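Given next are the chains, with one letter for each unit.
Protein chains: 2
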Amino acid sequence: MQSYEAALNRFKEAEHKIHSLSYSTSMLFWDASTGAPKSGADARSQAIGVLSGFQYQLLVNEQMNEDLNTLMANLDALEEIDRVLVKDIKKEYDKLTKIPMDDFQKYNMLISKSSMVWEDAKAKADFALFKPYLTEVIDYLLKFAEYRGYEGHPYNLYIGDYEDGMSVDQLNVFFDELRARIVPLLKKIALKNKHIDTDFLKKHYSKELQDKVSRELLGWMGFDLDKGQLKESVHPFTMGVDIDDVRLTTHYYEEDMASALFSTAHEGGHAIYEQNFDRKLQGTALAQGTSNGFHESQSRIFENNFCKSEAFLSYFLPKLKEVFPEQLETVTFDKFNEAINLVEPSLIRIEADELTYSLHIMLRYEIELGLIDGSIKVENLPDVWNQKVKDYLGITPPDDSKGVLQDVHWSEGLFGYFPTYALGSAYAAQLAHYMSKEIDVEGCLKNGNFKPLTKWLNQKVHQYGALKKPNELIEMITGERLNSKYYCDYLESKYTKLYGL
Amino acid sequence: MQSYEAALNRFKEAEHKIHSLSYSTSMLFWDASTGAPKSGADARSQAIGVLSGFQYQLLVNEQMNEDLNTLMANLDALEEIDRVLVKDIKKEYDKLTKIPMDDFQKYNMLISKSSMVWEDAKAKADFALFKPYLTEVIDYLLKFAEYRGYEGHPYNLYIGDYEDGMSVDQLNVFFDELRARIVPLLKKIALKNKHIDTDFLKKHYSKELQDKVSRELLGWMGFDLDKGQLKESVHPFTMGVDIDDVRLTTHYYEEDMASALFSTAHEGGHAIYEQNFDRKLQGTALAQGTSNGFHESQSRIFENNFCKSEAFLSYFLPKLKEVFPEQLETVTFDKFNEAINLVEPSLIRIEADELTYSLHIMLRYEIELGLIDGSIKVENLPDVWNQKVKDYLGITPPDDSKGVLQDVHWSEGLFGYFPTYALGSAYAAQLAHYMSKEIDVEGCLKNGNFKPLTKWLNQKVHQYGALKKPNELIEMITGERLNSKYYCDYLESKYTKLYGL
Numbered sequence: 001m002q003s004y005e006a007a008l009n010r011f012k013e014a015e016h017k018i019h020s021l022s023y024s025t026s027m028l029f030w031d032a033s034t035g036a037p038k039s040g041a042d043a044r045s046q047a048i049g050v051l052s053g054f055q056y057q058l059l060v061n062e063q064m065n066e067d068l069n070t071l072m073a074n075l076d077a078l079e080e081i082d083r084v085l086v087k088d089i090k091k092e093y094d095k096l097t098k099i100p101m102d103d104f105q106k107y108n109m110l111i112s113k114s115s116m117v118w119e120d121a122k123a124k125a126d127f128a129l130f131k132p133y134l135t136e137v138i139d140y141l142l143k144f145a146e147y148r149g150y151e152g153h154p155y156n157l158y159i160g161d162y163e164d165g166m167s168v169d170q171l172n173v174f175f176d177e178l179r180a181r182i183v184p185l186l187k188k189i190a191l192k193n194k195h196i197d198t199d200f201l202k203k204h205y206s207k208e209l210q211d212k213v214s215r216e217l218l219g220w221m222g223f224d225l226d227k228g229q230l231k232e233s234v235h236p237f238t239m240g241v242d243i244d245d246v247r248l249t250t251h252y253y254e255e256d257m258a259s260a261l262f263s264t265a266h267e268g269g270h271a272i273y274e275q276n277f278d279r280k281l282q283g284t285a286l287a288q289g290t291s292n293g294f295h296e297s298q299s300r301i302f303e304n305n306f307c308k309s310e311a312f313l314s315y316f317l318p319k320l321k322e323v324f325p326e327q328l329e330t331v332t333f334d335k336f337n338e339a340i341n342l343v344e345p346s347l348i349r350i351e352a353d354e355l356t357y358s359l360h361i362m363l364r365y366e367i368e369l370g371l372i373d374g375s376i377k378v379e380n381l382p383d384v385w386n387q388k389v390k391d392y393l394g395i396t397p398p399d400d401s402k403g404v405l406q407d408v409h410w411s412e413g414l415f416g417y418f419p420t421y422a423l424g425s426a427y428a429a430q431l432a433h434y435m436s437k438e439i440d441v442e443g444c445l446k447n448g449n450f451k452p453l454t455k456w457l458n459q460k461v462h463q464y465g466a467l468k469k470p471n472e473l474i475e476m477i478t479g480e481r482l483n484s485k486y487y488c489d490y491l492e493s494k495y496t497k498l499y500g501l
Numbered sequence: 001m002q003s004y005e006a007a008l009n010r011f012k013e014a015e016h017k018i019h020s021l022s023y024s025t026s027m028l029f030w031d032a033s034t035g036a037p038k039s040g041a042d043a044r045s046q047a048i049g050v051l052s053g054f055q056y057q058l059l060v061n062e063q064m065n066e067d068l069n070t071l072m073a074n075l076d077a078l079e080e081i082d083r084v085l086v087k088d089i090k091k092e093y094d095k096l097t098k099i100p101m102d103d104f105q106k107y108n109m110l111i112s113k114s115s116m117v118w119e120d121a122k123a124k125a126d127f128a129l130f131k132p133y134l135t136e137v138i139d140y141l142l143k144f145a146e147y148r149g150y151e152g153h154p155y156n157l158y159i160g161d162y163e164d165g166m167s168v169d170q171l172n173v174f175f176d177e178l179r180a181r182i183v184p185l186l187k188k189i190a191l192k193n194k195h196i197d198t199d200f201l202k203k204h205y206s207k208e209l210q211d212k213v214s215r216e217l218l219g220w221m222g223f224d225l226d227k228g229q230l231k232e233s234v235h236p237f238t239m240g241v242d243i244d245d246v247r248l249t250t251h252y253y254e255e256d257m258a259s260a261l262f263s264t265a266h267e268g269g270h271a272i273y274e275q276n277f278d279r280k281l282q283g284t285a286l287a288q289g290t291s292n293g294f295h296e297s298q299s300r301i302f303e304n305n306f307c308k309s310e311a312f313l314s315y316f317l318p319k320l321k322e323v324f325p326e327q328l329e330t331v332t333f334d335k336f337n338e339a340i341n342l343v344e345p346s347l348i349r350i351e352a353d354e355l356t357y358s359l360h361i362m363l364r365y366e367i368e369l370g371l372i373d374g375s376i377k378v379e380n381l382p383d384v385w386n387q388k389v390k391d392y393l394g395i396t397p398p399d400d401s402k403g404v405l406q407d408v409h410w411s412e413g414l415f416g417y418f419p420t421y422a423l424g425s426a427y428a429a430q431l432a433h434y435m436s437k438e439i440d441v442e443g444c445l446k447n448g449n450f451k452p453l454t455k456w457l458n459q460k461v462h463q464y465g466a467l468k469k470p471n472e473l474i475e476m477i478t479g480e481r482l483n484s485k486y487y488c489d490y491l492e493s494k495y496t497k498l499y500g501l
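For the protein sequence lines, the chains are A and B, in the order given.
Everything in the first sequence is counted per full-length UniProt numbering, starting at 1 for the first residue and increasing by one.
Everything in the second sequence is counted per full-length UniProt numbering, starting at 1 for the first residue and increasing by one.
Just so you know, the hints here were simulated from the structure itself, not pulled from any lab data.
Computed from a predicted model, the values in this text were never measured in an experiment.
Treat the hints loosely; a few may be bogus.
Treat identical chains as interchangeable: a pair holds within one or across any two.
With a straight-line cut-off of 30 Å between C-alpha atoms, the simulated DSBU-like cross-links for lysine-lysine are [said to hold, decoys possible]:
{"no.": "1", "residue 1": "227", "residue 2": "106"}
{"no.": "2", "residue 1": "207", "residue 2": "321"}
{"no.": "3", "residue 1": "124", "residue 2": "113"}
{"no.": "4", "residue 1": "227", "residue 2": "402"}
{"no.": "5", "residue 1": "227", "residue 2": "131"}
{"no.": "6", "residue 1": "124", "residue 2": "231"}
{"no.": "7", "residue 1": "38", "residue 2": "455"}
{"no.": "8", "residue 1": "188", "residue 2": "390"}
{"no.": "9", "residue 1": "388", "residue 2": "308"}
{"no.": "10", "residue 1": "38", "residue 2": "451"}
{"no.": "11", "residue 1": "38", "residue 2": "280"}
{"no.": "12", "residue 1": "12", "residue 2": "106"}
{"no.": "13", "residue 1": "202", "residue 2": "212"}
{"no.": "14", "residue 1": "12", "residue 2": "38"}
{"no.": "15", "residue 1": "460", "residue 2": "38"}
{"no.": "16", "residue 1": "124", "residue 2": "227"}
{"no.": "17", "residue 1": "388", "residue 2": "192"}
{"no.": "18", "residue 1": "106", "residue 2": "280"}
{"no.": "19", "residue 1": "113", "residue 2": "280"}
{"no.": "20", "residue 1": "212", "residue 2": "402"}
{"no.": "21", "residue 1": "12", "residue 2": "113"}
{"no.": "22", "residue 1": "207", "residue 2": "231"}
Work the whole structure out from these sequences, hints included.
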């Protein structure tokens with residue numbers, strides 16, 4: 001036996017246990033989001049605290065420290081999966097050892113409570129309920145940044161947690177580029193003052209039938225519902241606890257047919273990623289998306305590049321007419337395509353159109369930066385939010401549930417997460433561009449035939465899970481690093497045609 | 001600080017963590033039973049294995065051993081809650097230390113898998129699928145009995161796990177008594193050959209409306225749906241993970257209105273018990289029913305003594321007619337009362353009438369004894385089952401899903417559990433008898449007014465959780481030990497009147 005083998009076995013056993021604890025915590029979150037009584041929040045957050053305590057103990061201890069050092073010194077001798085796993089866990093170890101366990105556990109309990117309170121605050125449109133929790137979350141993030149150390153802006157730390165190698169400087173360049181091309185495009189569209197009828201989307205569409213279509217759509221896309229679950233929650237999300245158990249949620253609005261359908265397409269993209277990791281990665285920390293941006297690229301490519309394309313909508317409309325004959329009777333394809341792809345500044349990020357979407361992200365990015373560097377105070381947040389929404393989108397939220405309280409993220413401490421949504425769209429456009437070189441994407445979508453597209457993504461992206469890191473992966477597939485040009489090209493081309501610019 | 005205080009603090013902290021792990025495991029079971037994809041069973045059983053491993057480690061270690069010994073030597077100095085908790089955990093410790101951790105963990109993983117397989121086997125009416133799992137479960141139980149040691153019959157060990165102080169000898173007496181009075185009663189009813197029309201119960205009753213009535217009934221009974229959840233599962237069950245988070249399930253049959261309603265009343269009785277423990281017990285192992293028999297007494301008293309009483313049915317029928325006017329239009333009170341309380345040998349235990357119910361239990365008790373002492377082989381189980389059903393009830397199951405596969409219990413290793421159902425009915429009758437001395441039970445039920453009855457149970461039974469043990473509790477309330485006379489009196493009186501004997 002090699003000197004490192006005992007270390008490798010101990011390491012793998014601990015990693016397996018950590019994975020099972022994280023599985024259990026995920027299930028508690030799933031339960032909390034899909035119908036659990038609110039009154040159970042205390043018991044749940046205590047349980048989550050205990051589970052995260054065990055998780056911490058498994059990761060942070062002298063034996064693990066020694067084993068990781070042994071394995072890091074023998075990386076070349078390890079198989080690829082073990083090698084990447086060791087490097088990832090080592091990074092996690094270094095990150096965590098800088099945070100005292102007591103703080104880590106209290107923070108996890110706070111997060112569990114805070115997201116329940118947020119849900120209540122959102123329902124009541126009462127930011128005051130949420131304010132003390134958000135303040136405490138940010139205090140922890142600042143404290144953790146000091147513990148962990150950072151270069152430049154403390155926010156770099158939090159972006160890096162979701163998108164390896166990303167920084168405030170790079171993001172500023174990224175958003176500057178988008179701004180330079182999308183804002184003028186948006187202005188041109190506004191000047192056009194084109195009237196687009198969306199009334200037919202706001203007729204009554206029963207929840208049951210929307211659910212039926214959502215499931216059908218997931219099936220076309222290639223999601224295996226026998227190895228997953230679709231439920232309803234306040235905020236749609238996807239949770240892959242195992243290759244063979246991938247859950248997603250949507251939220252039905254009976255007076256808005258498009259919302260749930262395209263949110264299902266979005267979450268379905270995430271869910272298909274989670275269902276198609278190589279079996280070799282099952283039960284390890286590599287059975288996950290390689291980064292948040294990459295995960296988002298898979299949801300965005302299905303939601304926008306595929307499902308909102310002219311080609312797919314021409315297939316989809318007749319199917320929808322079968323389910324909703326009365327509501328869609330007089331709707332022509334052009335009318336449908338225009339309504340689905342309508343550009344209109346709106347209040348809710350998850351319902352925003354493709355074009356204004358990145359402005360929603362830019363706004364959040366600026367606010368997160370401000371909250372972290374102290375230039376924005378939590379107590380002023382509703383005002384700051386509303387002002388920015390007015391500045392960028394020209395509209396004002398009627399209350400905080402349609403404003404600063406709309407997203408779950410901050411209640412869960414997810415700072416640095418929002419920018420990855422915009423990165424996701426950019427990856428998606430780049431992937432779609434290269435996919436088109438190999439496959440007749442448009443022809444497939446015209447026939448509702450997702451198979452070749454999903455298969456391409458399975459082979460190029462999904463199977464690798466977190467085995468290949470974002471930069472490595474995008475370069476493997478497209479021969480170049482992330483390039484926002486493809487995203488801007490795609491948007492310009494799509495909306496120039498749609499609005500006859 | 002007293003010498004035992006450090007031990008007490010360590011003990012309480014460990015107990016708190018054990019409670020949280022058990023909360024988490026319960027949630028995984030809840031998830032598995034209420035819609036989780038079957039394909040996720042492996043990941044789930046691995047997680048359950050890991051959680052139960054931690055639970056074992058927290059309970060079984062040298063520090064805990066020392067602390068328990070210290071605390072057992074200082075019992076008189078402890079407050080009542082701590083004293084009972086220490087004694088209970090000491091008993092659990094002694095039980096577990098005799099089972100090697102590896103076996104304990106493997107057994108828990110087996111159970112998780114086995115109950116999924118059972119569900120599948122039941123759906124397919126294919127005993128062969130389940131056979132190897134049941135065989136393995138029994139092998140473990142026999143192995144564990146040897147590890148743990150027992151007096152007399154190894155089955156004594158397993159009854160004792162659910163009903164403190166019960167034994168094969170006592171159960172034989174118990175069932176002998178019931179047999180002596182119920183079998184003749186049953187014969188008299190059969191000789192009467194009374195025709196009772198139940199066709200109206202088998203009309204189409206939509207799931208949605210049954211669900212609505214079920215929730216209303218739970219509300220009348222005093223279950224707080226804001227601090228709980230009602231869902232559907234294959235086999236109805238109740239799970240109180242916390243005083244503020246109590247879940248129950250039912251199973252709707254659209255062609256059988258009575259099934260879900262009275263199963264909801266049954267689970268509702270369990271659930272009300274779980275919601276009304278004294279807050280002082282919250283988050284400890286004492287926040288549970290004091291025994292299975294006592295827990296069952298609370299479900300039975302609501303299901304049978306209350307909800308199937310003439311008095312309540314006279315209140316309930318007009319309410320049901322409002323919800324199901326077409327189906328119940330021509331149904332008179334007598335017809336309704338007779339149909340709900342029909343005595344008829346049937347195949348499914350959970351749908352059996354009150355009178356034949358104990359025969360279903362007797363049958364299972366005999367089979368369990370036989371499986372444990374080796375006089376019955378698993379491979380012969382369907383034949384043995386069908387023969388006993390024919391002997392006791394005069395009927396034959398058409399397939400194993402309506403026979404030996406009907407109950408989840410054995411797939412979860414719950415041997416010794418069934419007898420507590422019969423004990424529950426006996427406790428219920430005894431409690432109802434003494435309640436009637438203080439409250440006009442019939443008058444309350446005639447007005448659908450459960451409040452005084454539920455309050456009586458809250459005060460006499462529920463608040464104590466597991467703080468008072470079964471023998472102590474029944475004696476506190478009724479001034480005597482469990483006495484099956486009340487149960488037999490109740491059945492004789494009820495059915496003599498119903499059948500005009």
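Checked hints:
1. In this homomeric assembly, residue 227 and residue 106 come within 30 Å of each other (Cα to Cα) only across copies, at 25 Å, whereas the closest approach inside a single copy is 34 Å.
2. For a Cα distance limit of 30 Å, the shortest separation of residue 207 from residue 321 qualifies both inside one copy, at 16 Å, and across copies, at 28 Å.
3. Within a single copy, residue 124 and residue 113 get their C-alpha atoms as close as 17 Å, which meets the 30 Å cut-off; across copies the closest is 43 Å, which misses it.
4. Taking the shortest Cα distances, residue 227 and residue 402 sit within 30 Å of each other only across copies (28 Å), while inside one copy they are farther apart (34 Å).
5. In this homomeric assembly, residue 227 and residue 131 come within 30 Å of each other (Cα to Cα) only across copies, at 25 Å, whereas the closest approach inside a single copy is 39 Å.
6. Proximity of residue 124 and residue 231 under a CA criterion of 30 Å is satisfied in both settings, with 23 Å inside one chain copy and 26 Å between copies.
7. Taking identical chains as interchangeable, the C-alpha atoms of residue 38 and residue 455 lie at most 30 Å apart only when they sit on different chains, with a minimum of 25 Å there against 41 Å within one chain.
8. For the homomeric pair residue 188 and residue 390, the shortest alpha-carbon distance inside one copy (19 Å) is at most 30 Å, but the shortest distance between copies (83 Å) is not.
9. In this assembly of identical chains, the alpha carbons of residue 388 and residue 308 lie at most 30 Å apart only when taken from the same copy (28 Å versus 63 Å across copies).
10. Proximity of residue 38 to residue 451 under the C-alpha cut-off of 30 Å is restricted to the inter-copy arrangement: shortest distance 25 Å between copies versus 41 Å within a copy.
11. Proximity of residue 38 to residue 280 under the C-alpha cut-off of 30 Å is restricted to the inter-copy arrangement: shortest distance 21 Å between copies versus 39 Å within a copy.
12. When the C-alpha separation of residue 12 and residue 106 is checked against a cutoff of 30 Å, the pair qualifies both within a copy, at 27 Å, and between copies, at 19 Å.
13. Taking the shortest Cα distances, residue 202 and residue 212 sit within 30 Å of each other both inside one copy (18 Å) and across copies (29 Å).
14. Proximity of residue 12 and residue 38 under a CA criterion of 30 Å is satisfied inter-copy only: 26 Å between copies versus 37 Å inside one chain copy.
15. For a Cα distance limit of 30 Å, the shortest separation of residue 460 from residue 38 across copies, 28 Å, qualifies, whereas the shortest one inside one copy, 42 Å, does not.
16. For the identical chains of this complex, residue 124 and residue 227 are inter-copy neighbours only, at 19 Å across copies versus 36 Å inside a copy, given an alpha-carbon limit of 30 Å.
17. Proximity of residue 388 to residue 192 under the C-alpha cut-off of 30 Å is restricted to the intra-copy arrangement: shortest distance 24 Å within a copy versus 83 Å between copies.
18. Taking CA atoms no more than 30 Å apart as the test, residue 106 paired with residue 280 passes between copies only; the shortest distance there is 24 Å, against 35 Å inside one copy.
19. Within a single copy, residue 113 and residue 280 get their C-alpha atoms only as close as 36 Å, which misses the 30 Å cut-off; across copies the closest is 22 Å, which meets it.
20. Proximity of residue 212 to residue 402 under the C-alpha cut-off of 30 Å is restricted to the intra-copy arrangement: shortest distance 28 Å within a copy versus 32 Å between copies.
21. Taking the shortest alpha-carbon separations for residue 12 and residue 113, only the inter-copy value of 23 Å comes in at or below 30 Å, while the best intra-copy value is 32 Å.
22. Within a single copy, residue 207 and residue 231 get their C-alpha atoms as close as 12 Å, and across copies as close as 19 Å, so both meet the 30 Å cut-off.
Of the numbered hints stated above, none is contradicted by the structure.
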